[in-house]
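Enquirer: Chain residues, written in single-letter form:
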Amino acid sequence: MSSTTQLTKTDAVPMTSGEEMIRWVEALFPICRSITGNGVRETLRRIQTWIPIRTHEVPSGTKVFDWTVPLEWNIRDAFVKDATGRRIIDFHRSNLHVVNYSVPVHQKMTFVELRKHLHTLPDRPDYIPYRTSYYKEDWGFCLSHRDLLQFSEGEYEVQIDSSLGPGHLTYGELVLPGKLQEEVLISCHICHPSLANDNLSGVVVAVALARALANAPLRYTYRFLFIPGTIGAITWLACNEAVAERIHHGLVLAGVGDRAPLTYKKSRRSNAEIDRAAGYILRHLDRAAKVLDFSPYGYDERQYCSPGFDLAVGRLSRSVHGEFPEYHTSADNLSFIQPESLADSLSVCLQVLTLLENNHRYQNLNPKCEPQLGKRGLYHTFGGQLDSGQSELAMLWILNQSDGTNCLLDIAERSGIEFSHLKQAANALEAAGLLRKLDDADTRLARQVG
Amino acid sequence: MSSTTQLTKTDAVPMTSGEEMIRWVEALFPICRSITGNGVRETLRRIQTWIPIRTHEVPSGTKVFDWTVPLEWNIRDAFVKDATGRRIIDFHRSNLHVVNYSVPVHQKMTFVELRKHLHTLPDRPDYIPYRTSYYKEDWGFCLSHRDLLQFSEGEYEVQIDSSLGPGHLTYGELVLPGKLQEEVLISCHICHPSLANDNLSGVVVAVALARALANAPLRYTYRFLFIPGTIGAITWLACNEAVAERIHHGLVLAGVGDRAPLTYKKSRRSNAEIDRAAGYILRHLDRAAKVLDFSPYGYDERQYCSPGFDLAVGRLSRSVHGEFPEYHTSADNLSFIQPESLADSLSVCLQVLTLLENNHRYQNLNPKCEPQLGKRGLYHTFGGQLDSGQSELAMLWILNQSDGTNCLLDIAERSGIEFSHLKQAANALEAAGLLRKLDDADTRLARQVG
Amino acid sequence: MSSTTQLTKTDAVPMTSGEEMIRWVEALFPICRSITGNGVRETLRRIQTWIPIRTHEVPSGTKVFDWTVPLEWNIRDAFVKDATGRRIIDFHRSNLHVVNYSVPVHQKMTFVELRKHLHTLPDRPDYIPYRTSYYKEDWGFCLSHRDLLQFSEGEYEVQIDSSLGPGHLTYGELVLPGKLQEEVLISCHICHPSLANDNLSGVVVAVALARALANAPLRYTYRFLFIPGTIGAITWLACNEAVAERIHHGLVLAGVGDRAPLTYKKSRRSNAEIDRAAGYILRHLDRAAKVLDFSPYGYDERQYCSPGFDLAVGRLSRSVHGEFPEYHTSADNLSFIQPESLADSLSVCLQVLTLLENNHRYQNLNPKCEPQLGKRGLYHTFGGQLDSGQSELAMLWILNQSDGTNCLLDIAERSGIEFSHLKQAANALEAAGLLRKLDDADTRLARQVG
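In the order they appear, the protein sequences are chains P, E and L.
Residue numbers for the first sequence follow our numbering, beginning at -3 and rising by one.
Residue numbers for the second sequence follow our numbering, beginning at -3 and rising by one.
Residue numbers for the third sequence follow our numbering, beginning at -3 and rising by one.
Think of the hints as simulated: they come from the structure by calculation, not from any bench.
Note that the structure is a prediction, hence the values are computed from the model and not measured.
Incorrect hints may have been included.
It does not matter which identical chain is used: a pair holds within one copy or between any two.
With a cut-off of at most 25 Å between alpha-carbon atoms, the simulated SDA-like pairs for lysine to any residue come out as follows [as the list claims (entries may be wrong)]: (1) LYS77 to GLU149; (2) LYS77 to PRO121; (3) LYS433 to GLY304; (4) LYS364 to THR217; (5) LYS59 to PRO363; (6) LYS286 to GLU409.
Please build the complete structure, drawing on both the sequences and the hints.
Expert: Okay, structure coming up:
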């Protein structure tokens, strides 16, 4: 009854190492993913070798709010050959070379005609850009600007051996039941092809997180989503409105493997428990970590935080999308991420979740004056000394503030005492019969009333 | 349905130039105004040549709350003659020479007797002070301290050819009907004689504002008051209590022609929509403009913001009354004001009112997840680029925040996106059927409930 | 009806001088106090020669919430003799030498055995520490570390001629009835033996405060408690739950005689009227005074601010307990305190209480527009001058804000005008029939509703 749920660094909760996560990224990196198709399925199959996710298939044409599940896209090969028949752009060298969702094409054309379908980044001439055309039938190739400069006038053979037709949108899901029906959502997008940080980093940290939680006694139920960005989140929400109502906290994991410090982006609510918990942990890590205000641009938090849902879902990232030169290019490769960053991201996730798991409200069962700590062995019995340590002070703070309105995080913020110390003190007081943990039914009731 | 009300610099809304406003000031400057009398009537007649105000006459003796409409004061001539018969103080040289509301007098007296009735400013020896004695029967002359020093002992002939008797208090009013009964009040005092900044500047900016609004489609009904200070505002409020309840926003215009930067003084409510709108505009003009907290001292906002009314009326000024040496002296003359300042004051008024006119709340009609902007032509269809421009972001912010509680100004402040950009985006979304403007009936309802 | 309650420096309220308070401390200093026993009784008898407190006796064994009134402790003599029979520790030289609540002992023992019962402060080798063992039967001696170093091996005779048995806990109480049943609590602990600042300083300032208030017309009822720390406050609260509900404001006085600047520690509520009043006074004294946030560690505010009571009781101190080397040692003696500090503490207490006494809410009886101050002689009648003085502005602020929600302190904080000026202005307006003091029944009602 009075234990601390400890999700980090315990025997029960083995931590996946950064190196192992790197190996997982390496296994997933070559696959050509998109928002639908076999690349997603193959990715989910690999993930199933690590954690027992279930896969879901939603048919093309399914209405999901304002959207429709698109046709399924698959690709086998794609190239541009020069007049000599040499593959000067070759899908098999990098799946970024093909505009994702390109319709099939096979024809000869002049450079002038081809040029309209070629995408480069003149300001970063060595990088292949990543481009998609999900909702407009089109085709195209991406290449480095340096390579483009090698093209000469003349005729080229262009082929994209893809298919776009009725099929399914595929996503993976894992539910780890806790004591409560109330859920914590962990969501990551799995639709990007060979990009390491965006978002294989998020995928492998989610996998490692699921492994850690699978071995721990959980207060909350945890739901992991491995979904295509935007349309996947929309599809899931459309198919799971009742489930969404049970989501009390959530994190989108995206871009958590690079060398930059951590960034937490707040939910639309700004001051939700997840926002305060993540802010607290990041602040106390005393690093360059930043907390960003909510904005409706970004990853799938856009959907979770749409006003019709307004879920308390924030986002953990390192470099922020669009703000670094490697973003959505071939430079977001295996050398852009590092094991230390993945391990750190995992650790911080676990610390945030540990805080949520332990962030109870308590009722002081002896609210009139202080209880006599001494007779219960909770206090030094020799009065008159200089202020003794933090444990007594932690107990006094908890007793003083536990009128049923304050959670431990409130008390941590007011007192300046570390959350984990407060939790230990609360455990001791609970064991001594001085404190009653407000069970989660009470919590739910208070939330409805309050 | 989805247009922006634009009150500034459009074909429909011609802007009066600063030079034209200066000419209006020149026409009004010589008139000897007071809180009652023919000077006020003459002033209102001139204003009627520019905008179609109605004049009201309230009889002396009318009870207006704690006050009584005073006797009407008129003056034809006034002088002090020295022993040689020379007019050494002459009302016709400056109407400031006579203490406003002086009772009639005609007698000879020694300098010692006369001295008690002479007012000067020893610290600003070249200025004639402006003095009144509305509520205590008295008479006096004002003159420069330098002139006073020229007086010698001896006998003087003193005459003030004034009358004080039953009559009326006169004020002007113009109502420009808008779509809503809810009103915006623009109020300026017209009781000061030959003082340019205080307050012919306020008068002519109000006139130019009325001209601009007369040609625009209006959401709010606008009410312009040209009233004697204090007693005029009290009289109007006492006679129009039901109308006052319809005033939702208001501005007192006073001292808006001098060279100092603009100053907005907040209403008693501190955070009323007019306070936020004016603060937003002044902040974004990136100038030395200042926003002052409310205080119960000043111009007619004192009455509008009395606790029994507590109207959301702020004040726009440049130099603040009492804080500059020319205040209430002959130095507040035509050279103290300048066309650029008048034009700038007018422009800022129109920007504030434009903001109010367009500051709607909207309901996102597709609140669950984002709507698909692409299929409506509202979005780039080629995904994966670096963050594109402000218009998309503006649309996302509006969609995200439009749960019916936030007005565009709320969204502008939270997002940091310029109000006018947000308004354009809201128009586009409304035209695409994604947003419903909460009509002003809804707004009213929400205000009552909230 | 319109007077200001002035508790400071008036003929009606003679101020006790710092020198007189020092003499009171000198009278009380030698007594060996504890949480029970004859030392407390003797202390209260001396206080009764200055103010008419009643004493209460609560029997040992009485249940008081989670605690039990302890056995009564008394001591007559105590010593340690060396082999030559010389008293090398002698209770009669300092009552700090004996651990307070030591059980009787009389035996010979080796230095090794004795050493376990000796307490010193190696980091402050000249000071005798103050130690207690109220809730664990034990005995011990305290001495300077320098003296300890003089001990040699060998046999010592140890005697503590104390008694610990059924008796009473004794405390003193004085009630000064005011117009209202609502109470202000002044509480100080009287359980420490020969320590001057902690807390004879608090005791004598409380006595002087009671003397000052006894001669003044009071709005609130004042209750003074002279109680043993912790167990005394708990006992009083347990025996007076109904009275506690009437306590609307309170101050614990502890350590108010040393040379450090004043420190006000906020109540658990943080923004109670006493917190705002004390903060206002300390800020306006423009000194090094500090306002500390609430914490559940300290003196008897711990009990008053326990969540089951949550009384608006703050604490006034100079040096903060535990943060100065003399704390709980023989160095907290008569030379550690000074008359100027005691007088200043008394003065500040009276200023805070004066503010509370006068901190009324008023209703503007003429809320629509300003009343005409001039016709009531409240205003200059000669208009048009530069802004005149503070008294008019104070009247305008009070009229503007007195809608029944704001107290004078609210208005002082919003306007920046000194509280005492506002109070004078309110008196003038009340006398003129423009303002109605909301009587305290109204206040009570508003508090319940609001």
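Enquirer: Return the numbers of the hints above that this structure violates; sort them in rising order.
Expert: Every hint satisfied by this model.
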